[in-house]
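Fit the two chains together into the complex; they arrive one by one in their own frames, and the hints show the way.
These protein sequences, in sequence, are chains A and B.
Oh and the first sequence: position 189 is 176 in the numbering used here, straight run, nothing missing.
With positions in the second sequence counted from 1, the corresponding number in the numbering used here is that position plus 45.
It is worth saying that the hints were derived from the structure and are not from the lab.
Since the model is a prediction, treat every value here as computed from it, not as a measurement.
Treat the hints with care, as some may be off.
Said to hold, decoys possible - Computed list of chain B residues with no C-beta within reach of chain A, every gap over 12 Å:
#1 E54
#2 E66
#3 R74
#4 G196
#5 Q246
#6 A291
#7 I392
#8 R395
#9 D413
#10 G433
Said to hold, decoys possible - Derived list of chain B stretches under chain A, where covered just means 3 residues or more per stretch with a C-beta under 8 Å from a C-beta of chain A:
#11 322 to 334
#12 345 to 352
In this text, a Cβ means the ideal position worked out from N, Cα and C, and glycines have one as well.
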Amino acid sequence: MQFAHTEEQRLIRESARSFLASRAGAAQLRAGLEQPGAYDAQLWRQMASEMGWAGLAIAAEHGGAGLGWVELCILQEEQGRHLVPSPFFSTVALAAPLIEAIGSAAQRHALLGRIAAGELRIGCVLSGTDGRPPCEDVAVELNTSGAAWTLNGVGDFVIHGDSADLLLVLVRAAGSAGADGLSIAMVSPSAAGVAVHPHVMLDLTRPMSKVEFTAVALERDQILGETGAARAPLERALSLASIALAAEALGGAERLLEMTTDYVKQRTQFGRPIGSFQAIKHRLADMMVQVEAARSAAWYAAAVAQEGDDELAEAAAIAKSYCCDAFCDCAASAIQLHGGVGFTWEHEAHWYFKRARASASLLGSPAWQRERLMRIVAGGAAATPRF
Amino acid sequence: MRLGFTPQEERFRGEAAAWLEAQLTGPFRDLRGIDMGSGELLARRQEWERALGRGGWSCIGWPAAYGGRDASLAEQVIFAEEYARTGAPARLAYMGVELLGPTLLAFGTEEQKRRFLPPIARGEQFWCQGYSEPNAGSDLAGVRTRATLEGRANEAEWVVNGQKIWTSYAHFADWAFVLCRTEEGSQGHQGLSYLLIPMRQPGVTVRPIRQLTGGAEFNETFFTGARTAAGNVVGAVGEGWKVAMATLSFERGVSTLGQQMGFRNELNAIIAAARANGQIDDPDIRQRLAHAHVGLKIMRYSALRMLTSAESGVLSSEAYTYKIFWAIWRKKLGSLALDVLGPAGEIASRAPYHWGPLPRLFLGSRADTIYGGTSQIQRNIIAERALGLPREPRK
Chain A
-12 MQFAHTEEQR
-2 LIRESARSFL
8 ASRAGAAQLR
18 AGLEQPGAYD
28 AQLWRQMASE
38 MGWAGLAIAA
48 EHGGAGLGWV
58 ELCILQEEQG
68 RHLVPSPFFS
78 TVALAAPLIE
88 AIGSAAQRHA
98 LLGRIAAGEL
108 RIGCVLSGTD
118 GRPPCEDVAV
128 ELNTSGAAWT
138 LNGVGDFVIH
148 GDSADLLLVL
158 VRAAGSAGAD
168 GLSIAMVSPS
178 AAGVAVHPHV
188 MLDLTRPMSK
198 VEFTAVALER
208 DQILGETGAA
218 RAPLERALSL
228 ASIALAAEAL
238 GGAERLLEMT
248 TDYVKQRTQF
258 GRPIGSFQAI
268 KHRLADMMVQ
278 VEAARSAAWY
288 AAAVAQEGDD
298 ELAEAAAIAK
308 SYCCDAFCDC
318 AASAIQLHGG
328 VGFTWEHEAH
338 WYFKRARASA
348 SLLGSPAWQR
358 ERLMRIVAGG
368 AAATPRF
Chain B
46 MRLGFTPQEE
56 RFRGEAAAWL
66 EAQLTGPFRD
76 LRGIDMGSGE
86 LLARRQEWER
96 ALGRGGWSCI
106 GWPAAYGGRD
116 ASLAEQVIFA
126 EEYARTGAPA
136 RLAYMGVELL
146 GPTLLAFGTE
156 EQKRRFLPPI
166 ARGEQFWCQG
176 YSEPNAGSDL
186 AGVRTRATLE
196 GRANEAEWVV
206 NGQKIWTSYA
216 HFADWAFVLC
226 RTEEGSQGHQ
236 GLSYLLIPMR
246 QPGVTVRPIR
256 QLTGGAEFNE
266 TFFTGARTAA
276 GNVVGAVGEG
286 WKVAMATLSF
296 ERGVSTLGQQ
306 MGFRNELNAI
316 IAAARANGQI
326 DDPDIRQRLA
336 HAHVGLKIMR
346 YSALRMLTSA
356 ESGVLSSEAY
366 TYKIFWAIWR
376 KKLGSLALDV
386 LGPAGEIASR
396 APYHWGPLPR
406 LFLGSRADTI
416 YGGTSQIQRN
426 IIAERALGLP
436 REPRK
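If we strip away everything but chain B, and leave its shape as in the complex, we get (with noise of 0.2 Å):
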């Protein structure tokens, strides 16, 4: 056992904070503190990652010759913890950077990453992930949206038509990833591809939906007669179930080892709060920070045996668990938050129903324990993969 950083590591950390403290306290001070709920400054934001994309702090994960800097894993979390410790906003580039970026590296032909792998690294290409349709949410194998190949063979095209849910930041997205049936009459997991469609054009609609935050991160997407060329298919065709669950496990995986800083800088919010309005002594709000406190730094422990295995290419039965701790944990902060603010935490901070970041966690965070895969599912994968219990019974 060995806790803690390499001084090679902390040099690395100090870099990081250094290019960001300056950028943050400089240019983009006034995107500090914005989260992912905040459906604010989107221009600033997108300026945001053009600047990441300069400093070289885009993708660091990724190879150099796709515009990342072959960052190690510990180095990936040290800057993930900087980048939230800093108060830097939330990322609009997500999507690109998290998650197609490392489907494409796994899967992807050397001509697509040459292509769509360095303008995402220069924040000039943003995605989004066209995954769950109306009828197909938990139960994803049951897409419907159909993509047949049209035209001469080398013209053809992908035709897509069909409708997409739960699109976050389509509203201003470049490109998405979709999940298309490729093979008439096919079913379930069989007969999926997975596309790469450009939203500018004519056959693609967004339309937003309103959260019960009262903003408006996610869409519906229409797609009606959309095109696509024939090679932007990542995997074989027909094989798009295999790489869209691979794309899941980046989502459920090391990306999501960072956040936790961003998580601690909420819980010491709602200390700060508890201090001044008083509850900081009563009985059973302490009992409540301090399963907060112990649940953060537990995600925080169980992250480091996730890295250590990672760095040694084990996934660890602890990974299995990760996702829906932190969902719960978070969901009950966001009730903890509203406890210690009492009534004044249900005054709106203006018109028309715009949230402090308090209650906006609380009303955000009911979302995390359906995207990404329901406690419900998670619950259903850690059985039936993890324990090895027998699987649901399926038409």
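Next up, chain A with everything else stripped away, as it sits in the complex (with noise of 0.2 Å):
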């Protein structure tokens, strides 16, 4: 029994650590929000190419560093504790395991090679426009029964989609239903009936737009492995995705149990430090407690999706039921310690709040995904969730 990160590991986290503290402040990220897809370009091409950790977790025979999701969990737990607003999660976390579940080997290696190497942004289209947990409702049809496919529908909530160089669309073959007839299309965002419709999102930090697709063609070679087998694969890489997710609620959860330990040290009244009343120590007892519980969690599910083991659909239902939850009530907490200042824009808490609503939403609420571990442990059903 080894649960703990190696030496490696910690210096992996040391190193984006610093690299973050120079480079993704707070007022540089804010002003990262101006530029075209609302992200520092600039921020994004060190991470992914110069640092490498666009290819950190990718097979070194696709170009990667060939290291696994307990090594880029450390990395998005560090972006989450900045809020670093970047393509990193939907293409690295999200997108490529899809392509590794479910693409064929010539597809892996074209696709991985150029996420590797930092060249290539992606977007995922796996909701539609309620927002709907992926594969709950599939919002794109495939029509296969022309001489030439084609791709209908509207699919929303994508993220950076507006900057993404490619899309891959979650799309239900016309007439099916259920488990069967689900593929992955690869779109390019610039052809011929794609139309993308960037929203304004609650959280800035990560903005996401709505995607129409009208009479778009689709070449056989623009579905993703085998067509109408998307299913199992699919289940696997959103496990993956959420436990990326859960570890970047962990790093948010964590810096704000930080900023407020600092500020309640530091603020005065009544004469003493707000920090030395009881009312003040409890609720960030609590919020420690919390994030120490988010930690075992977030951690575990890492070394669960690294070892390849059967638990990881209820280790990731876990933890992002569990850290994202935790990452709401911290900064909940955050906002209420502040006092007035949590509530102004210019202080920093309400970023936190905001990416911890978004990431609550994504991929399916704690609601949902408890529901989803109640099946896998216990049995029974009740009605799904809705989100």
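As structure tokens, then:
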């Protein structure tokens, strides 16, 4: 039993932390939001290529560093501490495992190689306009009845969809139902019939777009892997992405705890630092209890992902639901304990509060994850929570 | 990262499980499933402690010289897991095995270790803890029980006067470890000593306290001129606070790692009850069962983190949060149990006030956030020691 990071993994964290400390301060990141695509393109290039983060968990045969999900989750956690806006999550933590799980050997080599090189930003179209979890209702239809295949429908909540070089689109074969007939199509955002409409999202640090597909022509080799066989491998990829998101939430919660601890030590009222009052102490203690539990959940799930264990779906549901809830609670406490300052636009707390909310919604809410967990561990069924 | 245990550790698991299964389907089958809150079958459970001792399974983490088997931390966790999984009874020897034993190993003299540890490991001597007093609960430094050294040098004895409270198992204990004020006029943490006092003597009176569960596992213990030999002090005279705090850290530390298998049994019983009465399909109940499952798994993951860091000799940050996490979790589990059972859960299994396992969990778990440091004290400790917030102003 060795449930702790190795020396090499600790070095990866230290290097990421010092890089982001110098390059991803709050003011720098807020300035990045004004750039096209709402992120700092130069920072993304540095992270992806110079630091080698984009290829960290991609196999060496595709040009990556050949490390695994534990290392990738360390990067997610460190980016979560700063809420770094970048195509990293969408491309490296969501699209790459999809390609790895579903793509043919040739597709994997071509796409993963370009991701590892930092040359490809991918937007994943997995939900419809009501934003239900992937596969709950698939909004884009694949029609294979004519001579040419076509896509029609409206996908939504596409992370960094407006700056993506490539879209991976979850599609359902016309007339299919349930687990059958699901495929992943590779579509260029500039293809005829594709229209990308960026939203203004609650969480400005993770922009999302609606993407319309109107009679978009599709060649057969634009399907990732086998046509109609996406469901099972998609599950695995979504578990991996959920674990990466949990790690990011952990990083955010951890940073909020530090930020709030520092604040209550220096803020004085009634002639004492407010951190000496039990009403304040106890709420911070509760934050720490949640942060430590979230750390256990996120780290364990990452280790399971690395070891290819059969408890992957369970560990992912536990980590995603717990870490996202903990992040939301910690963000709420951070605002409360900062008082009026915490309610201002200028203070950082609201960025975390909004990211926490948005992360909870993504890839199935905590309640949705818990129902999924119950089906795995106890059987029975209730109506699935809608989101 | 490497999850899971080594093949050698798994062999140890097999050996422990085989022994426990054989005992609990054989001579001790009547003790299967007896939990901490059950006050029954005391004599049989003392026999069980002796059987554990004969099998070499009582104090496995202790050095062999004192009756243990030098088991690694991983083996201790494995044994605790198998112990709970096989439904072995809650341990009457807990205070000696998990609290006094580690304290003596850390602070005792060689003579004290040789005298007191082997009888605990053999299941022949039972201990209780004399810390709290009517006016010294969370503020334990308010201890008033006095001990004074009387008699000539080589036959001097401590003479003890005072009252202890919440002394679990005092009604059958042979010995008590007691925090006493040994320096006249001293206050707070100063002037306290950690004495070992025989319970079976005229100066000791034990009065049971009935708990809200209806049972009476804890007591008031009165010392009126009780005596113990001058050498029965652990650590230096006047240094008792340090020793007592170490005991408390054992109570909150690695010894709790195996308890989760018992929690698992409780959650399984609730899920089984929910299946039986159809509550398993209720969306709200399902969410709460899922929360319980998440919490239980997180306790396991955290325990594995603590185990890894304990093996490398570091007390890691999750160790501060472990007690409050499980205590709050189990209290919620108790409420969930009764919500699953519905009104049927409020009918006693028999007179006068005897309850089945799930209602007993509901009632008994109210103590979890009180004993071993209340959740309020736990939050103070987390805030002041782990987060470094300024201390509460104290007199």
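query: Hey, does B:Q246 actually stay past 12 Å from chain A on C-beta?
result: 42 Å, holds
message: Closer than 8 Å Cβ to Cβ for three or more residues is the test here. Does the stretch 322 to 334 of chain B pass it with chain A?
response: holds (count 7)
message: Is the listed coverage of the stretch 345 to 352 of chain B by chain A valid when you require three or more residues with a beta carbon under 8 Å from a beta carbon of that chain?
response: With 5 residues close enough to chain A, the hint holds.
query: Can we confirm that no CB of chain A comes within 12 Å of the CB of B:G433?
result: The assertion about B:G433 is violated, with a minimum of 7 Å to chain A.
- prompt: Taking the closest pair, is the beta carbon of B:I392 still more than 12 Å from chain A?
  reply: Nearest chain A Cβ is 25 Å from B:I392, so the label holds.
field: Given as non-interface: B:E66, which should sit over 12 Å from chain A by C-beta
entry: 24 Å, holds
field: Non-interface claim for B:A291 versus chain A (Cβ beyond 12 Å)
entry: Non-interface label on B:A291 holds, nearest chain A Cβ at 23 Å vs cutoff 12 Å.
query: Per the stated criterion, does the least C-beta distance between B:D413 and chain A lie above 12 Å, as a non-interface residue requires?
result: 15 Å, holds
- request: Run the C-beta distances from B:G196 to all of chain A and say if the shortest one exceeds 12 Å.
  value: Holds: least Cβ distance 46 Å, greater than 12 Å.
task: Could you check that no beta carbon of chain A comes within 12 Å of the beta carbon of B:R395?
output: 31 Å, holds
- prompt: B:E54 clear of chain A by more than 12 Å, beta carbon to beta carbon?
  reply: Per Cβ check, B:E54 is inside 12 Å of chain A; nearest 8 Å; violated.
field: B:R74 and chain A, when compared Cβ to Cβ, separated by more than 12 Å
entry: 29 Å, holds
Hints 1, 10 from the list above are not met by this structure, while the remaining hints are.
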